[in-house]
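**Student:** One letter stands for each residue in the lines below.
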Amino acid sequence: MGKPTDLVQGTVDLLIMKTVALQPMHGWAIAQRIRQLSKDVLLLQQGSLYPALQRLERQGWITAEWGASENNRRARFYRLTKAGRRRLEEERAGWERLSGAIRAVLRTT
Amino acid sequence: MTMRALDRLRMIARSWLRSRHADDELGEELRFHLERETEANVAAGLAPADARRAALLSLGSVEGIKEVSRDRRPGAWARRAGRDAAYGARLLGRAPAFAAAAILIVALGVGSVTAIFSVVYGVVLRPLPYADPDRLVAVWARAPRLRLPRALVGAADAREWQRGSRAFEAVALARPIANFNLTGDGGEPERLLASRVSPRLFDVLGVKPALGRTFLPGEDEAGHDGVVLLSHGLWKRRFGGDASIVGRTISLSGAPHTVVGVMRPDFQYPGREFQVWTPLTINPDELTRRETPFNYLAVARLRHGVDLRRAQSELDAFAARLEQAYPASNREVGFELAPLRDDSVRTVRPALYVLLGAVSCLLLVACLNLANLLGVRAAGRSREFAIRLALGASRGRLALQALAEVVPVLLIGGALGVAGAAWAVAAFVPVAPAGIPRLDGIGVNLPVLAFTTAMLTVTGLVAGLVPAAQAWQSDLAAATRESSRSTAGGRGQSAARDLLVVGQIALSVPLLVGTGLLARSFSALTRLDPGFRADGVLSAQMAIPRSKYREDRQVAAFCAQVLERVSALPGVTSAGMVNRLPLGGVGHVGSIEFENVDAGEARRPSGDWRTVSPGYFSTMGIPLREGRAFTEHDGEGSPLVGIVDERIARTLWPGQSALGHRFRIPFGDLPWVEIVGVVGHVRHDALDQDLRPQVYWPYRQRAQDRMVLVVRGDDARSLGSLVAGAVRSVDPEQPLYDVRTMDEVVERSLAQRWLNTALLAAFAAASLLLASVGVYGVVAFGVARRLREFGIRIALGAGRADLTRLVLGQGARLAAAGITAGLAGAALLSRAMESLVYGVGARDAASYALSAAALLGAAALASYLPARRAASVDPAVTLRCD
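Protein chains in written order, with the numbering used here: chain A, 1 to 109; chain B, 1 to 882.
Treat the hints loosely; a few may be bogus.
Sample of chain B residues facing chain A (criterion: CB under 10 Å; computed from the structure) [unchecked claim]:
1) A22
2) D24
3) E29
4) F32
5) H33
6) N41
7) K66
8) E188
9) R625
With a straight-line Cα cutoff of 30 Å, these simulated DSS-like cross-link-like pairs (lysine-lysine) come out [said to hold, decoys possible]:
10) B:K208 with B:K548
11) B:K236 with B:K208
12) A:K18 with B:K66
13) A:K82 with B:K66
14) A:K18 with A:K39
15) A:K18 with A:K82
Think of the hints as simulated: they come from the structure by calculation, not from any bench. Every residue gets a Cβ at the ideal spot worked out from N, C-alpha and C, and that includes glycine.
When you get a sec, could you build the whole thing from the sequences and use the hints?
**Tutor:** See below:
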């Protein structure tokens with residue numbers, strides 16, 4: 001396993017939205033899921049996770065409510081809103097375009 | 001404020017309330033995260049303690065996350081500003097001398113400007129207490145032929161507009177001054193100042209009485225006019241605020257009047273000293289136009305949508321038509337409109353605006369001074385700023401913080417200033433000169449506070465700009481390179497500081513020049529010969545009721561009796577009477593015709609009409625130039641005689657005797673009177689105004705019902721009660737009023753001028769002091785910075801006198817630059833002051849020279865201490881230290 005890659009600013013939002021799009025999740029689980037799905041490459045620092053969650057919530061793309069966690073404790077579960085779903089699509093399309101473009105450039109050299 | 005801004009405010013407020021709650025929630029969320037992480041680590045095989053430690057490490061600083069989250073919530077800037085202000089307050093607490101100085105400067109500037117503005121607002125700007133006051137106008141007559149630039153209007157003319165005007169909704173007239181003696185209600189007889197008014201007046205102004213009713217149409221007809229309205233003040237004082245007064249009958253100068261109502265406290269038309277109102281009955285003779293008596297104040301309400309200009313052009317048309325129809329009475333008579341509000345404050349407005357301008361200069365000086373002070377402090381903190389910059393603070397953040405630290409200074413200083421202004425205004429109102437109208441509305445009220453807040457904000461921005469700019473420019477490398485001794489900042493900062501001081505001096509120039517002009521005017525006026533000798537004379541006014549003394553003969557007999565009793569009093573040297581007292585504030589003016597004098601401008605000059613007793617001239621010390629004074633034999637049946645002043649004698653009969661010539665009032669068949677004497681000229685209206693010559697009649701040949709008793713005695717001041725007793729012994733129902741020594745009368749006529757001068761002088765002194773402190777600060781700072789250089793100079797052989805000169809020169813250069821820059825402002829102010837200046841030109845060289853000298857002197861004095869320090873540097877010590 002190589003050194004975990006630092007996440008580019010902005011991609012954090014995209015990853016979080018994608019993760020909670022599947023099902024409501026609490027903060028710790030979001031971090032775990034991103035780490036698992038990226039096979040330990042993407043390590044979401046908690047210092048950026050929670051501010052990002054709050055920012056997304058303020059912008060109305062995700063909402064949060066308190067619920068019981070898998071080990072029966074109070075936890076805040078985040079869920080994607082309708083506006084968030086639209087936003088996720090836009091962001092993903094944008095990311096695909098960007099990474100596709102970068103890939104194309106890298107291949108030619 | 002827009003809805004959007006309101007919404008934003010509400011959101012910030014809510015966020016403040018929720019902030020703590022949000023913190024708690026985030027705390028719980030992070031705790032949960034920590035537990036799950038720890039569990040996961042344990043599951044991965046770590047010992048519980050290590051598992052928790054690893055979790056803590058991976059989570060990072062909980063407080064840091066909270067901080068970041070807090071900073072991103074709405075309204076974070078407001079919380080930050082609050083924190084900065086609190087930090088600023090703590091810093092201030094650690095530097096009490098600096099804090100006290102800064103707060104004092106703010107309090108001085110803001111307090112002065114608040115006090116003056118509260119007077120300006122209360123007197124000039126505050127809306128009149130009438131319905132829809134913007135549509136109310138005063139109408140004046142203009143009759144240059146009679147040397148009356150602004151005259152009361154005639155009833156016949158007013159009737160024309162009342163009938164034919166499209167611009168006016170309604171016109172009301174008022175005869176401003178009538179005197180009544182209130183008697184027979186059990187109290188002391190008292191003279192009341194009354195105004196006779198059209199019943200319509202109250203509708204025109206749109207005012208309602210506090211009790212009862214106002215006048216009814218038809219009550220202005222003779223026989224129905226025995227009704228009276230009381231002022232609120234009189235009702236409270238004289239009738240104990242008894243509501244049953246309405247409907248009762250009181251005796252005014254012997255005639256019964258039914259009280260129909262009591263006005264509200266704020267009803268003060270035509271002036272604040274009026275106590276009763278009675279209906280105005282117009283003598284049918286006045287409508288005949290044989291002669292136009294300019295007798296009435298006119299107030300009109302404009303129709304909706306009619307502006308001043310349209311109304312004025314309509315009045316001009318009226319004037320032209322009337323001049324054609326009645327050339328005898330209306331030749332060269334025009335009419336002039338003025339908004340009623342401006343009209344009542346016309347006389348005091350220029351002075352108030354000059355004072356407001358002056359106090360604004362003072363506030364600016366205070367601003368610059370504060371800026372300088374804050375700049376020096378910020379320079380002292382340049383290392384702190386540099387370090388914080390290095391630790392990652394943004395420049396904007398540092399600048400904002402430097403600004404926020406000014407806030408506690410502004411708040412405390414502003415509060416002190418407002419409290420001081422409120423106190424000063426409350427102390428001023430009861431002792432204010434009588435000539436200032438609308439005084440009772442003065443106070444530190446909401447509009448004034450709004451103005452003060454605006455001024456505070458401006459002060460904060462101007463003064464805060466310097467430290468904020470310095471914080472913004474913080475430079476890590478420079479701050480650490482410069483030693484602690486020379487943290488004064490670079491060349492740019494010291495140039496900025498010089499500029500601030502030059503600004504303070506420049507702004508002080510107009511204040512000093514203005515003070516010089518007013519002070520020199522005042523001293524010119526007090527040295528002026530008013531034409532009479534004031535010292536040792538007591539004056540007392542009487543309104544002799546015609547209802548009691550119907551015939552002129554009876555009035556004269558009453559006066560003669562009073563004079564006889566008063567002259568016999570112990571301590572009285574002489575006594576006399578005149579119908580209008582010099583400088584007493586009320587005139588009696590009309591045209592005079594001289595026999596066999598060429599027609600033209602001089603034929604019917606307008607003059608002061610005076611009726612006097614024989615003893616008047618000697619009592620007042622008015623010199624007799626030629627002929628004789630009146631005697632008690634100049635009465636009924638003896639030849640009609642008159643006296644003129646030397647100005648008439650000189651103008652009409654230069655080089656000859658005026659005696660034997662004749663004059664008369666050019667009205668009907670009034671008889672000629674022969675000039676038997678010439679007396680000195682007297683300034684009647686005011687010391688700084690000398691408009692008309694004077695003619696005198698003896699009181700037995702032309703009796704007047706309003707007379708002023710003048711008494712010369714060894715101790716004039718103490719004669720008051722004796723004189724009142726003598727008058728009572730003649731008629732127990734005859735009150736005296738305005739009992740004052742002539743010295744007091746002269747003083748009162750100068751009171752407003754004195755006040756202007758004193759206030760301007762105080763502002764000038766304050767700004768001079770501030771500017772001197774500014775010069776001292778800059779020069780002392782420069783010396784402290786260059787101490788080592790001075791040490792080296794001395795070591796190299798420079799004389800101590802050279803160093804003193806060097807430092808003094810720096811102060812002088814600052815002063816010279818400031819004075820040069822300030823001359824333009826001074827020219828502006830002295831142009832605005834032209835109407836306030838007397839006996840010296842508005843470009844009076846002495847005032848300018850004295851101001852420049854005062855500033856240069858102050859700057860030299862302020863640089864002297866630092867210069868001494870520079871000259872006493874011990875080279876050895878200076879070179880060793882640091």
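**Student:** Compare the structure with each hint and give your call.
**Tutor:** Status of the hints after comparison with the structure:
1. This hint holds: B:A22 has a C-beta 9 Å from the nearest C-beta of chain A, less than the 10 Å allowed.
2. For B:D24, the interface hint is violated, the least distance from its beta-carbon to any beta-carbon of chain A being 12 Å, above 10 Å.
3. Against a cut-off of 10 Å between C-beta atoms, the interface hint on B:E29 holds, since the closest Cβ of chain A lies about 5 Å away.
4. Proximity of B:F32 to chain A holds as hinted, the smallest CB-CB distance being about 5 Å (cut-off 10 Å).
5. For the restraint placing B:H33 at the interface with chain A, the shortest Cβ-Cβ distance is roughly 5 Å, inside the 10 Å limit, so the hint holds.
6. Interface hint status for B:N41: violated, as the beta-carbon distance to the closest one in chain A is roughly 12 Å, over 10 Å.
7. Here the hint on B:K66 is kept, as its CB sits about 9 Å from the closest CB of chain A, short of 10 Å.
8. Because the closest C-beta pair between B:E188 and chain A is about 78 Å apart, greater than 10 Å, the hint is violated.
9. Contact between B:R625 and chain A, as hinted, is not supported at the beta carbon level, the nearest pair being about 95 Å apart and thus beyond 10 Å.
10. For a cut-off of 30 Å, the pair hint linking B:K208 to B:K548 is broken: about 34 Å separates their Cα positions.
11. Proposed proximity of B:K236 and B:K208 is supported: the alpha carbons are some 18 Å apart, at most 30 Å.
12. The suggested pairing of A:K18 with B:K66 holds, with an alpha-carbon distance near 25 Å, which does not exceed 30 Å.
13. Of the supplied pair hints, the one linking A:K82 and B:K66 holds, its CA atoms being roughly 28 Å apart against a limit of 30 Å.
14. Note on A:K18 and A:K39: the hinted pairing holds, with a Cα-Cα distance of about 16 Å set against a maximum of 30 Å.
15. Restraint check for A:K18 and A:K82: the C-alpha separation of about 13 Å stays at or below 30 Å, so the hint holds.
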